[in-house]
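*Asks:* If you read the protein sequences in the order shown, they are chains Y and S.
Position one of the first sequence corresponds to residue 14 (the working numbering), numbered consecutively onward.
Position one of the second sequence corresponds to residue 5 (the working numbering), numbered consecutively onward.
Don't read these hints as lab results, they were simulated from the structure.
Quick list of in silico lysine-lysine cross-link-like pairs, BS3-like style, CA-CA up to 30 Å: (1) Y:417 <-> Y:481; (2) Y:478 <-> Y:417; (3) Y:253 <-> Y:232; (4) S:86 <-> Y:214; (5) Y:214 <-> Y:232; (6) Y:214 <-> S:182.
Covered stretches of chain S, as calculated for chain Y (at least 3 residues, CB under 8 Å): (7) 46–52; (8) 121–128; (9) 171–182.
Glycine is no exception: its CB is placed at the ideal position from the N, C-alpha and C atoms.
One-letter residues, chain by chain:
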Amino acid sequence: MIHWSSAQAMCRPVRPHKGIAALLVAALVLTLPVAALAQEVVGRHGMVASADPLASLAGVEILLQGGNAIDAAVATALAIGVVEPNASGIGGEGYMVIYLADRGEAIAIDFRATAPGEATWDAFVDGPPSTGWGAVAVPGTIAGLSLALERYGTMTWEQVSRPAIRLAEEGFIVTETLEGVILDNYETLLSDPELSSIYLKDGLPPMAGDRLRNPNLAKSLRILAEQGPRAFYEGELAEKIVAAVRAGGGLLSLEDLRNYTAIEREPARGFYRGYEILGAPPPVGGGIGVVNALQQLEHFDLAAGEPISARTIHLITQAVRRAHVDHLEYVADPAYWDVPVNGLTSREYASVRAAEINEFEAGPLPKAGNPWEFEHERELAPTGAYLAEPYQSPSTTHISVVDKYGNAVALTQTLSSFFGAGVAVPDTGIILNNQMQNFNAPGHPNELVPGKRPRTIIAPTIVLKGDKPFLVVGSPGAARIIYAMVHVLTNVIDFGMGIQAAIDAPRTYSYATSNRTEIEARIPESVREELRAMGYTRIDARGDYDLYFGGAQAILIDPETGEMRGAADPRRAGGVVAY
Amino acid sequence: MRNAGTVLLLSTLLVGVLAAAPAMAALEAPALITSAGQSPGALMVRVLADQAGVANVYDATAGLDQLAGAKSLIIVVGASMKGLGAAGIDVDQEFARIESLLVEATSRGIPVVAMHVEGAPRRGSTSDDLSVLVLEYADHAIVRADGNEDGFFTRLAEEHDVTLQLVERTAEAGAVLKTLYGN
Chain Y
14 MIHWSSAQAM CRPVRPHKGI AALLVAALVL TLPVAALAQE VVGRHGMVAS ADPLASLAGV
74 EILLQGGNAI DAAVATALAI GVVEPNASGI GGEGYMVIYL ADRGEAIAID FRATAPGEAT
134 WDAFVDGPPS TGWGAVAVPG TIAGLSLALE RYGTMTWEQV SRPAIRLAEE GFIVTETLEG
194 VILDNYETLL SDPELSSIYL KDGLPPMAGD RLRNPNLAKS LRILAEQGPR AFYEGELAEK
254 IVAAVRAGGG LLSLEDLRNY TAIEREPARG FYRGYEILGA PPPVGGGIGV VNALQQLEHF
314 DLAAGEPISA RTIHLITQAV RRAHVDHLEY VADPAYWDVP VNGLTSREYA SVRAAEINEF
374 EAGPLPKAGN PWEFEHEREL APTGAYLAEP YQSPSTTHIS VVDKYGNAVA LTQTLSSFFG
434 AGVAVPDTGI ILNNQMQNFN APGHPNELVP GKRPRTIIAP TIVLKGDKPF LVVGSPGAAR
494 IIYAMVHVLT NVIDFGMGIQ AAIDAPRTYS YATSNRTEIE ARIPESVREE LRAMGYTRID
554 ARGDYDLYFG GAQAILIDPE TGEMRGAADP RRAGGVVAY
Chain S
5 MRNAGTVLLL STLLVGVLAA APAMAALEAP ALITSAGQSP GALMVRVLAD QAGVANVYDA
65 TAGLDQLAGA KSLIIVVGAS MKGLGAAGID VDQEFARIES LLVEATSRGI PVVAMHVEGA
125 PRRGSTSDDL SVLVLEYADH AIVRADGNED GFFTRLAEEH DVTLQLVERT AEAGAVLKTL
185 YGN
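Chain Y with its partners taken away, still in its complex shape (with noise of 0.2 Å):
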């Protein structure tokens, strides 16, 4: 039995009596848009939470196949960049953590993209653009998949392609989400010649229920199943990829993409009330400020309160705000700079600022904190020397996996903005990101450097109750990831929600620098009054579910009993499926 829910539609079973073929009707359903809220999906054998039904739907056939975690991640990350096309895709990049449960271990890979060889900050007139050619930094996630596949996955590159390759050729039914962000985005899609001759039709953007396909996405899908993942950094996809960005204006050569590696990495690790907190480590700043802001928290008896009342929203911001700053201050790529990863997710440290904590008010903004002190090394730079709000993208998305066998994957890719730097490689369908907005001046930790990564705040996180996965998360929404995150787990270990509910809950955003507070429109005005007593002068309202605070996929498994409930996030067309 598959089971699934669309966030646009309501859950339902679907019997796989002829295998994959059922799997493939199932699909054609999955899309009619019906307006409401997902429910949870349970499974027990295997389970994939995305952005797209159609893209879970993809892993959960390589899971059916007798692939593992790692493989499903692999086919659904390729799938949703088909179907999903402005958040990310294979000329994007990305971060994933990986569980595997038969050796305990865990290991990040860092799939972020890298600043072109010729990439100086003078290159540019006043720095990087944050659209066109010159946006474009090296593409990570071929190599970041191709490297997770290689050594923790069970099946060929050929073979997790196969449901990516066959929805950019048959094509896949428009949602009513991704017919907005076309419309959003129609004057980037229309000026791209590739971009329109994929995207629209006659000029025009399509509607809701109709067919959408990517022949040359396929083409180049077909090419990388057949040569091999290397074909993408070596070979005719990427001469055509730098001779684009090299007409076009930008930086990027042959000689970038061949020398780009994914990296594998020891994950940033912390503890919230029992359970252990597995995150993505530098260049990009989310595990870390997840894991300090949870330990923070740990000082506060949250449980004691309500969910959505003045005191839990004022300790969450409080503690945010402050892994906030600290990642403003100290976070950016370790081959270049010296992050304390051991201070900022120490629990010494946490106490230290929990302790600064008032719980009554909200008190002046946060400065950076000293996690060097925690870490035992030296100090580099003074404090709060480098604190400014970049530019904040909600345009990112999520992948969670878990399989039978109780390995699971957080994968969390992007393109930067929403179809990314908005230009696409002609008669390839690969549409490039816009990274290099993403580095600043120099002077700065996440200065431009050639070859460097430039710093985001993506969070992909599992969590471990003893030693198996219990949650499986993570979101796209810039600075608000944090906040998504820690709503979404202090939702489920504090208050006991399950995990649709802890995902439907009303989430907030508090700006690291600057007084404001940003809320769903459903957190009722007698808990914004006490916000406003406490000190919190500015308050905004945005939608009752709103995109702006992310789209969380999740799935938690019972680690008693195996069983996996997943959740798709109503603010985005999310699906989870299971079996």
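Keeping the supplied structure of chain Y fixed, place chain S upon it in accordance with the hints.
*Replies:* For chain S alone, coordinates are given in the frame of chain Y:
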């Protein structure tokens, strides 16, 4: 709304309208195409006008100066907070700009075409208020049918004696423009 019966009904309506259109005097080009609300709809209409061979000047934030050489005015309604923000315009300024264009066009005898081509997702209080304003001055209205499920545009068109032409898909608005301009 998108079931077969509805499609048939709308297709019949469209055919009927197209058949009836030649009886009216054709509009003259060049047309000034502008947005009321800064959604992408106006850009879509520019693409449609180009495809229909309707000479046009496109300026999403056109003022009275741009009306100078225009022989017709196409105002595409669709409010987008993102679009307004990107254009650096607030809602009040947008209403004032559109009203001044409509008043000036009417005083010069320039016919006005109101268009709403993004369907139901682009309905909302600001869009509707802009539609009320534009339909008051319009001679013709072209509306994607799923944006008129509640009869909103039908009522406005009847109230202001505007020729309303419904299309099932945005792309079909190009054929209506072609007919209106006698191409």
